[in-house]
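Use the sequences and the hints to build the structure in full.
Heads up: the protein sequence lines correspond to chains A and B, in order. 139 is the number that full-length UniProt numbering gives to position 139 of the first sequence; each next residue is one higher, with no gaps. 35 is the number that full-length UniProt numbering gives to position 35 of the second sequence; each next residue is one higher, with no gaps.
It does not matter which identical chain is used: a pair holds within one copy or between any two.
Keeping only pairs whose Cα atoms sit at most 20 Å apart, straight-line, the calculated SDA-like set for lysine to any residue is: (1) LYS157 - ASN333; (2) LYS157 - PHE338; (3) LYS145 - HIS130; (4) LYS103 - GLY297; (5) LYS145 - GLU131.
No wet-lab data here; the hints were simulated from the structure.
Protein chains: 2
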Amino acid sequence: MAEERFSKQETLEMRQRLIGQSCRLFYSEDPVKIVKARGQYLFDENGKRYLDCISNVQHVGHCHPAITKAATAQMDLLNANSRFLHDNIVLYADRLAATLPKKLSVFYFVNSGSEANDLALRLAEQYTQHEDVIVLDHAYHGHLKSLIDISPYKFRKLAGQKEWVHVVCKYIKLLVCKLQKKKNWTPACLKDCKLSFQAPLPDTYRGIYREDHPNPGQAYADTVKDLIEEIIRKGRKIAAFFAESLPSVGGQIILPQGYSSKVAEYVRTAGGLFVADEIQTGFGRAGTHFWAFQLQGEDFCPDIVTMGKPMGNGHPLACVATTVEIAGAFTANGVEYFNTFGGNPVSCAIGLAVLDVIEKEDLRGNAIRVGTHLIDLLKKLQEKHEIIGDVRGIGLFVGLELVTDRQNKTPGTKTAAWVAKRLKEEDQICVSTDGPWESVLKFKPPMCFSMEDAELVVRCIDRILTDMKANDLKLQNEDI
Amino acid sequence: MAEERFSKQETLEMRQRLIGQSCRLFYSEDPVKIVKARGQYLFDENGKRYLDCISNVQHVGHCHPAITKAATAQMDLLNANSRFLHDNIVLYADRLAATLPKKLSVFYFVNSGSEANDLALRLAEQYTQHEDVIVLDHAYHGHLKSLIDISPYKFRKLAGQKEWVHVVCKYIKLLVCKLQKKKNWTPACLKDCKLSFQAPLPDTYRGIYREDHPNPGQAYADTVKDLIEEIIRKGRKIAAFFAESLPSVGGQIILPQGYSSKVAEYVRTAGGLFVADEIQTGFGRAGTHFWAFQLQGEDFCPDIVTMGKPMGNGHPLACVATTVEIAGAFTANGVEYFNTFGGNPVSCAIGLAVLDVIEKEDLRGNAIRVGTHLIDLLKKLQEKHEIIGDVRGIGLFVGLELVTDRQNKTPGTKTAAWVAKRLKEEDQICVSTDGPWESVLKFKPPMCFSMEDAELVVRCIDRILTDMKANDLKLQNEDI
Chain A
1 MAEERFSKQE
11 TLEMRQRLIG
21 QSCRLFYSED
31 PVKIVKARGQ
41 YLFDENGKRY
51 LDCISNVQHV
61 GHCHPAITKA
71 ATAQMDLLNA
81 NSRFLHDNIV
91 LYADRLAATL
101 PKKLSVFYFV
111 NSGSEANDLA
121 LRLAEQYTQH
131 EDVIVLDHAY
141 HGHLKSLIDI
151 SPYKFRKLAG
161 QKEWVHVVCK
171 YIKLLVCKLQ
181 KKKNWTPACL
191 KDCKLSFQAP
201 LPDTYRGIYR
211 EDHPNPGQAY
221 ADTVKDLIEE
231 IIRKGRKIAA
241 FFAESLPSVG
251 GQIILPQGYS
261 SKVAEYVRTA
271 GGLFVADEIQ
281 TGFGRAGTHF
291 WAFQLQGEDF
301 CPDIVTMGKP
311 MGNGHPLACV
321 ATTVEIAGAF
331 TANGVEYFNT
341 FGGNPVSCAI
351 GLAVLDVIEK
361 EDLRGNAIRV
371 GTHLIDLLKK
381 LQEKHEIIGD
391 VRGIGLFVGL
401 ELVTDRQNKT
411 PGTKTAAWVA
421 KRLKEEDQIC
431 VSTDGPWESV
441 LKFKPPMCFS
451 MEDAELVVRC
461 IDRILTDMKA
471 NDLKLQNEDI
Chain B
1 MAEERFSKQE
11 TLEMRQRLIG
21 QSCRLFYSED
31 PVKIVKARGQ
41 YLFDENGKRY
51 LDCISNVQHV
61 GHCHPAITKA
71 ATAQMDLLNA
81 NSRFLHDNIV
91 LYADRLAATL
101 PKKLSVFYFV
111 NSGSEANDLA
121 LRLAEQYTQH
131 EDVIVLDHAY
141 HGHLKSLIDI
151 SPYKFRKLAG
161 QKEWVHVVCK
171 YIKLLVCKLQ
181 KKKNWTPACL
191 KDCKLSFQAP
201 LPDTYRGIYR
211 EDHPNPGQAY
221 ADTVKDLIEE
231 IIRKGRKIAA
241 FFAESLPSVG
251 GQIILPQGYS
261 SKVAEYVRTA
271 GGLFVADEIQ
281 TGFGRAGTHF
291 WAFQLQGEDF
301 CPDIVTMGKP
311 MGNGHPLACV
321 ATTVEIAGAF
331 TANGVEYFNT
341 FGGNPVSCAI
351 GLAVLDVIEK
361 EDLRGNAIRV
371 GTHLIDLLKK
381 LQEKHEIIGD
391 VRGIGLFVGL
401 ELVTDRQNKT
411 PGTKTAAWVA
421 KRLKEEDQIC
431 VSTDGPWESV
441 LKFKPPMCFS
451 MEDAELVVRC
461 IDRILTDMKA
471 NDLKLQNEDI
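Following this line, the structure appears as structure tokens:
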């Protein structure tokens, strides 16, 4: 094909030689070379088509012509930095403001979700004059030094516990619960666990309060309240509570109703801010709402919202939205914030085009329709396959959690990897796994994902699980 | 004009309302609205043309058609993330490798110079297992939390000295020299100075070793050696020496010959790495060399090079280059490094197109020719105008330092601001000021800057300085 310059083998060899190996490939044992994409479809060097269930960045579909057109027109006209006045940045901020509660009216444009979260930390610290941050168990907020510090998903795997990183004793019991599910757990593991202040993940499927609890939102929020009290007793002060509005790496979790409002109340009482990380979940993925934090009700409004991935449909574009007061405190320090590329006319033109496509093509409506259909089909599959422990989701943010037994909810890690591998090899369907045990098959496809796509993927999962059962492949593969 | 959607006044009002005020505008008292640009020219909403002497990001010229074409073609084809195999990322890494010493053969692609420097810090920490960083006085390495910590230019203005930030007593005497030049200096100022480990800026114009020193490179390197010994005596360990290859915010400084090799030797002996920040200076700006660190001779090679601003001609694209050994240590920690947008096919296509244009249009040759002419003309101006203390530069990286008296080198801060303002208002020429006292007029124009442009700007500066002298405006404006 014209798009290919090297053979796949050559590309792979060059990649191994020239690109840091920490940058991993999908399907590392047999990576896929993709040369073309359109909508929800990827095409490899031989023209083979893959259904893409995971590219949440290419939000309105791969290579959407309206995005390319907007980018090209602006690139041909101007792409200076934001120290010059320009219409695009203010128009785009105005359009974003219209999707948010009124008080989130000040914007900072940056180049990645990581840059957005780093800036959110700076804003929170500057406004509160506090330092400590509360994060959810297994959270991931970005690849920067400051964000690895607040991402248990990463910092637990890395050496170097910082002086300001603490193990909150009150929550060791929760931690124990979690660690005990791992093989070879001993109390000594606790010593190795490098934990910042930590609240338990409000996961009603396998967390400490479950579906049968009368008010899990309140109950989980109360754990944060306890934690705050513990932190204050230690003489420390909270700058921010940081959470994804739908914890993604945590396992495609849907926060219980009432949780965020209550947490925000407790955090604010302690002088801290509520930061909603919408980097994976914003821009209508939830369908019913433009922002996933809005699922928590109209009375809830974060103090800072960070956005990224889908914002530029692949173009490096991200943003922090906050209040006049918080922005004012940041301005008052007298130090300029200059982001070289952030908010340039091309980035903003692309961002505006993404908003237009979401509206014009009713992609939120599509997310509701297709997402609901996908969830329904997966729930039907759950009746048939014992290994499906949970089906959860909202819009086109869907998780299918595999467990080797429903009682103990033992994570079906290997089965999940196996299903993902077979979907790729046999059906050319790209899904990936997530969650603390990589036991959740996740679906965050481009928002143009269709009913037929949903049906196809469920049919294929059904076939693979049926086949596994027939060949008795299920349990002996698990070794958790 | 068709490109304008709001009146300038409306744009300004929306900007003030919607964009964080820490994001400052050029010419804040009377900002410029730019709606179009081409080459080295900017056009405002009335079609008025400005000569751009400062946009080092739009390296091969604003809106270069070859860049737009490459971006459009790739946007239409594919813009998936780098977890899929793709030719562009490996081809681009290969092309970059060809510009660098052989040992810098492993690449990480990111979205901004800040992301690159943050990753460089992580790489250095991981490889050396040390934490401390040595930076040059007045350095600026980016807007992220981790980089403000290593940027005296920023952290001195901000509250919150970290536990790991130290004042190195041996260097207080240098600091005193510098502070004494400020008004109202008292010894108490020292206490307020939040300094990390700090080496004096190797500035042969106003530093501690000057043009008349027989070997300023060695002498300045020895200050770093002393500093390293001091740090080691304190029981601390050096992860990296971090410096721009031509300190920019520091005042468009040209490092003395031999400095970097010697510093690298001392830093490596202490187990640390040499990080060359080429974010402002790379991609041929120096003319004679593709990378400014190469000005230090063929025997010098950094351990890590970070690059950014000009790399994508305005597109958010940046990179870290390092050795197999350092990348290997980073891989060995077992944690994936995933940068959502970094190294995507569109970013790499743009990066490749930039490299092509630099070659095809001989922009390095142009930088030598025009830069040399500009420096010659400015030096002639220096003979005529007492206020021009120093003219320095290489290629299209040029600084004109104003002083109110040549003996004491009192910074001509207000004059520099005044000249910049008049150049904008009377001649539609954009220059800006830099350096510890904002007394340096800096020239880092798009690389297509012409002989005529150079002659025009020098002629205009001459006229403004002559006029100031005639009207005796020079000294009473200064209040340093």
